[in-house]
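Engineer: One letter stands for each residue in the lines below.
There are 2 protein chains.
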Amino acid sequence: MKKKTTNTALLCSGSAAKTLLFRFLPILAWLPRYPVKEWLLGDIISGFSVGIMHLPQGLAYALLAGLPPVTGLYSAFYPVLTYFFFGTSRHVSVGPFAVISVMIGSVMESLVPSENFLESINGTNVTVNTILRDATRVEAVATLTVLVGIFQVTLGLLQFGFVVTYLSDPLVRGYTTAAAVQVLVSQLKYILGVQVGEYAGPLSMILVFVEICKRVPETKVGALVTGLIAMVAILAVKLLNAKLAKKLPIPIPIELLTIIVSTGISYGADLNGHFGVDVVGNIPSGLRPPVAPNASYFGKVVGNAFAIAVVSYAICISLGKIFALKHGYKVDSNQELIALGLSNFFGGFFQCFSISTSMSRTLVQESTGGHSQMAGVVSCLIILVTILKIGELFRELPKAILAAIIIVNLKGMFKQFSDIRMLWRSNRVDLLIWLLTFVATLLLNLDMGLGVAVVFALLTVIFRTQLPHYSILGQVSMTDVYKDVAEYHKAEEIPGVKIFRSSATVYFANAELYAEALKKKVSGIDVDYLIEKKKKALKKQKRQQKKDKKEEAKRMKVCLSGILWLSPHKACGEPTLESLGLPKPSVHSVILDFTPVNFVDTVSIKILKNIFRDFREIEVDIFLVGCHDSVITQLEKGNFFSQTLTKHQLFASVHDAVTYITRERGESLLGAATVSR
Amino acid sequence: MKKKTTNTALLCSGSAAKTLLFRFLPILAWLPRYPVKEWLLGDIISGFSVGIMHLPQGLAYALLAGLPPVTGLYSAFYPVLTYFFFGTSRHVSVGPFAVISVMIGSVMESLVPSENFLESINGTNVTVNTILRDATRVEAVATLTVLVGIFQVTLGLLQFGFVVTYLSDPLVRGYTTAAAVQVLVSQLKYILGVQVGEYAGPLSMILVFVEICKRVPETKVGALVTGLIAMVAILAVKLLNAKLAKKLPIPIPIELLTIIVSTGISYGADLNGHFGVDVVGNIPSGLRPPVAPNASYFGKVVGNAFAIAVVSYAICISLGKIFALKHGYKVDSNQELIALGLSNFFGGFFQCFSISTSMSRTLVQESTGGHSQMAGVVSCLIILVTILKIGELFRELPKAILAAIIIVNLKGMFKQFSDIRMLWRSNRVDLLIWLLTFVATLLLNLDMGLGVAVVFALLTVIFRTQLPHYSILGQVSMTDVYKDVAEYHKAEEIPGVKIFRSSATVYFANAELYAEALKKKVSGIDVDYLIEKKKKALKKQKRQQKKDKKEEAKRMKVCLSGILWLSPHKACGEPTLESLGLPKPSVHSVILDFTPVNFVDTVSIKILKNIFRDFREIEVDIFLVGCHDSVITQLEKGNFFSQTLTKHQLFASVHDAVTYITRERGESLLGAATVSR
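In order, the protein sequences belong to chains A and B.
Be aware that the first sequence starts at -1, since it is given in my numbering, and climbs by one per residue.
Be aware that the second sequence starts at -1, since it is given in my numbering, and climbs by one per residue.
No wet-lab data here; the hints were simulated from the structure.
Certain hints may be false.
The list cannot tell twin chains apart, which means a pair is met if one copy fits it or any two copies do.
[Said to hold, decoys possible] Straight-line distance between alpha carbons at most 30 angstroms, and here's what the computed DSSO-like set of lysine-lysine pairs gives:
1) K324 x K241
2) K534 x K545
3) K544 x K244
4) K35 x K537
5) K548 x K244
6) K413 x K187
7) K324 x K544
8) K324 x K547
9) K537 x K518
10) K16 x K319
11) K635 x K413
12) K519 x K16
13) K547 x K533
14) K328 x K544
15) K545 x K328
16) K328 x K517
17) K607 x K517
18) K545 x K241
19) K552 x K35
Using the sequences and the hints given, assemble the complete structure.
Structural biologist: Here you go:
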């Protein structure tokens, strides 16, 4: 018997280990079951299409990140290969992405600015030593990339994939739109062919834009014409691709064609020499041995690395989920984080910069028939061939062409401006988040902007609960449904009973407003005024009694009975409003509907206690209804209940309380009637 | 007729103006009705008691703020007089307060550090030119005070008195406790009689404490003995005062006695000369003409001014409300803000530093029979006499005595440490706020600490809603009450129906968790797995149909009927789980209880839509119940409802939905039975 158990336990632990292994290396699960006959052809075609998109995009996004072009090719190779083993999404195309690249670019410009590498040749002509600068930047970006990877893997292992929930949809869309504007501004200099200084920190985009505007007269016509022609051509063919999507086996690789043709023209016409058109320059052939990152940069890039880690994951997982939903499989959000992290981590050792997934490539990968990450491997082969043999041919490729490719690829992100109209109609608070994220990201740059946006988005939750809608409920006749009397004509207040509801939870930031609104809404009674009156009357009574006693002592038994008649009837017991000659409020019961209350804190409990005390003071019964179990527990712990404030004042629903009140009142009326009879 | 209306309008506007005037100058309302006979004596006694407390406290708190002692006397005069006209609380004693003074002190130490005024006498002995430093500090503090006043008046006019609601009770108590520790550390040097450098910025308190510890061997015995004796004496007499409170007409003015006696001893024994005990020094006689603040400091102190404005108001209003409640009158929170602001604003021109209200003085003012701010005027007279004639006598007063007075007055704030135990039992989240505020304020100082604490307190709202409690509800038999089946044994699930509730509102930060929890809790169905299976089966079916068609085309009419029989029954219509050969889930209906939902945003609407789509996909009816009106409006605006997702799926309560389901199911069963019969 015991042996059996052990065996089962072993079996169990064995299968648990297997499950764990399958989870961390998803390839073990899907590769053996890969349906070669059905999927392979699609994956090869799709991989080929994606590969020839990787090539121009890699070069372009390296430019955007302020790095030598070849790093873009590396980034389209190593991380993709790593993701093949660890990823759970079958359709996303990991690799360089505009938003992440521009984030890296801004880090590079502040960390390793070109001005640190100024050299004077012949003593007069001051130029930037780009070779030295690029070498330094490659070293710095390796550190950044490894750190991004470490953050992502750690978050993934800690099952912290949920951090992206803080990046709500409106926030991400506002953010990527702002990033697109940043990218556009950063590429203008290449299209215009002008030299612009590097800026870092808040407002840098504005400063760059101002400088570009100033330098418009210096525009190099060659670069501008090259860039514009390329943009028009790419845009036109992309539209054509979209229209003929069903007829073409793979989309026309216009970006590849553009860079091939333009490199040819550039080489033939010597655009660089004759027209001063900036070209890509040397692209070294072959792969490099791995290099350890430089630890001295760790401290300087840690904040940016975290921002990049989160954004890159947010984009990757949102795309992954869209396609998983479409094709009916699941992506494991924590495993995705680990996969992305490992891709970045290993990539960092091989001169890659941080990657994410690109919307445009993913769409192509899926639409050309890609079924699995096998397509990624195929694209890797194409990039590998390029790195080994073809890359160096592109040294005459004008930078304006790459800028054109980048700008055209922003189209999708610019379309997000239409969110404004949509959100205006559907949800103004989300619109506010979108706009604030957009503006903050434009003004404060991509790292600080993100932080501000996240904090603001969280604060909107406070704002939403801080100014809730307070209402008085009435019964919809003949039902147990209670609705806002101000909105539903059919809802009628029950005579003598006020049912009060706030649309939000009650906590420290709105507890006082709740109390005020309650006292205001329960019209017919000025609670505070009545209490004040009562206190005054009580004081007067006391003074009177003192006086009476003194006089009594003076006069010694003279007209004793007369004085006794003067003092109120119930003087010895608890004095009532009636005995003090004060008017009784027209409402006899107040019901607080607590269904929307999610939690209570010490502040709200204190104020709630005050409310109960005040209403008791003016002889109004008060009830708490619809408290969720967790709220009741919190009330108990917070010493809400006491001898005078018992759980008998709690009811499950408004209707229960109303039934109780009408029965009690009815009986007491009946009782009174019986007595008077 | 028309004339009459105009008259009435004039009358109305006249009375409106009057109301407004009475609101802004409350003295116009209460002074004419001042019951001289009943209140005046009490106010005079109370004012006298408070006045003789003002004197030592003013000197002490000026020391705390790093300013010349006479400014403490000014601060106990001008602001109190201003508050007399504008304040609505009858019992608070405005004037210098420890927390505010230490905040000012830290601003002074960073803005006008002593080291800027080092002078060498005889070329070797380097000392601080205190006269020049104090003159500069008085100028700087005037700017700060005026700015605090401007902030407060502006906030008051904008009716922004509610900002203090962000300073929840646990936060304020944690903050003042930390401030008390800061004050204690800042006074240690006077008690020990050692010289300590000035530190500013984060961690400065720790640095000061470390330096004091290092310098303990340099302790001047004279100062230490003076301070300790004073502390013991004051503490003892205060305890006595508390015990004999009912028998004494006014409490023994031990603080005043201490400074008089100690000044006498100090003068007689020449403590300064013989024992090197630090003394207060010159206190100029007479009032000064008003001086405009130096605008050049505005930019440097704006952040601190805001923090001081908010804290000073928070303390003032909370004390004011306590006593208003006790005595049955109302304080107008916005008018209080204006009154405090004007007090600071005018004070700023007369060398005052920012004031608030002091707990200890307010208690004395109330307990000695004070009825109104008339007591403030009486205390002002005492301070005026001191400033004009007596102040200069105190030049030999040892600083250690003032430090002793400050430290003893911290007793009340140190008592707040017991909050920890109380909050541990009643509310852990509030405890967390308390502790974080305390630690942040100690480490980051009073300005940054406050900011961090406020942000953290607001974020707790997010945390509280982010990890809610998800539960499945069951019916408490024979009632319309539905409770968590995991907690209530009497609650029983209705067969085939799952009722799901989250304890929190559903919004972007927890919407995905909500969906996940729902799919997990609705046990018996693996929703995603079923959907995946269904998609696969559908694909297979399609492929099969294609194949069939091809084969059909090939074979041409051969065994046509056989193929038709192979294809599922409902192939032309919507394929069902049954027709695809998949198991039907054991649950036929899911009810989402939305009563705790305060609002929905675009993210939660999207996820909710997905939930509805998924459950429809596996043929489970899904209903939304208990939505508040505002939530329904938001759902409508967010395009939640569609042709397939109509308002028929909304119900007012869980019970309504359950009734509907059982009736429908009952009928359909009945219908089936009828058909089969």
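Engineer: If a hint holds in the structure, say so; if it does not, say that too.
Structural biologist: Hint check results:
no. : hint        : in the structure
1   : K324 x K241 : within (22 angstroms within a copy, 78 angstroms between copies)
2   : K534 x K545 : within (16 angstroms within a copy, 93 angstroms between copies)
3   : K544 x K244 : between (100 angstroms within a copy, 18 angstroms between copies)
4   : K35 x K537  : between (96 angstroms within a copy, 16 angstroms between copies)
5   : K548 x K244 : between (106 angstroms within a copy, 21 angstroms between copies)
6   : K413 x K187 : within (23 angstroms within a copy, 65 angstroms between copies)
7   : K324 x K544 : between (85 angstroms within a copy, 21 angstroms between copies)
8   : K324 x K547 : between (89 angstroms within a copy, 26 angstroms between copies)
9   : K537 x K518 : within (26 angstroms within a copy, 62 angstroms between copies)
10  : K16 x K319  : within (25 angstroms within a copy, 65 angstroms between copies)
11  : K635 x K413 : between (52 angstroms within a copy, 22 angstroms between copies)
12  : K519 x K16  : between (63 angstroms within a copy, 26 angstroms between copies)
13  : K547 x K533 : within (21 angstroms within a copy, 92 angstroms between copies)
14  : K328 x K544 : between (82 angstroms within a copy, 27 angstroms between copies)
15  : K545 x K328 : between (85 angstroms within a copy, 28 angstroms between copies)
16  : K328 x K517 : between (52 angstroms within a copy, 14 angstroms between copies)
17  : K607 x K517 : within (14 angstroms within a copy, 39 angstroms between copies)
18  : K545 x K241 : between (100 angstroms within a copy, 29 angstroms between copies)
19  : K552 x K35  : between (117 angstroms within a copy, 22 angstroms between copies)
Hint violations for this structure: none, all hints satisfied.
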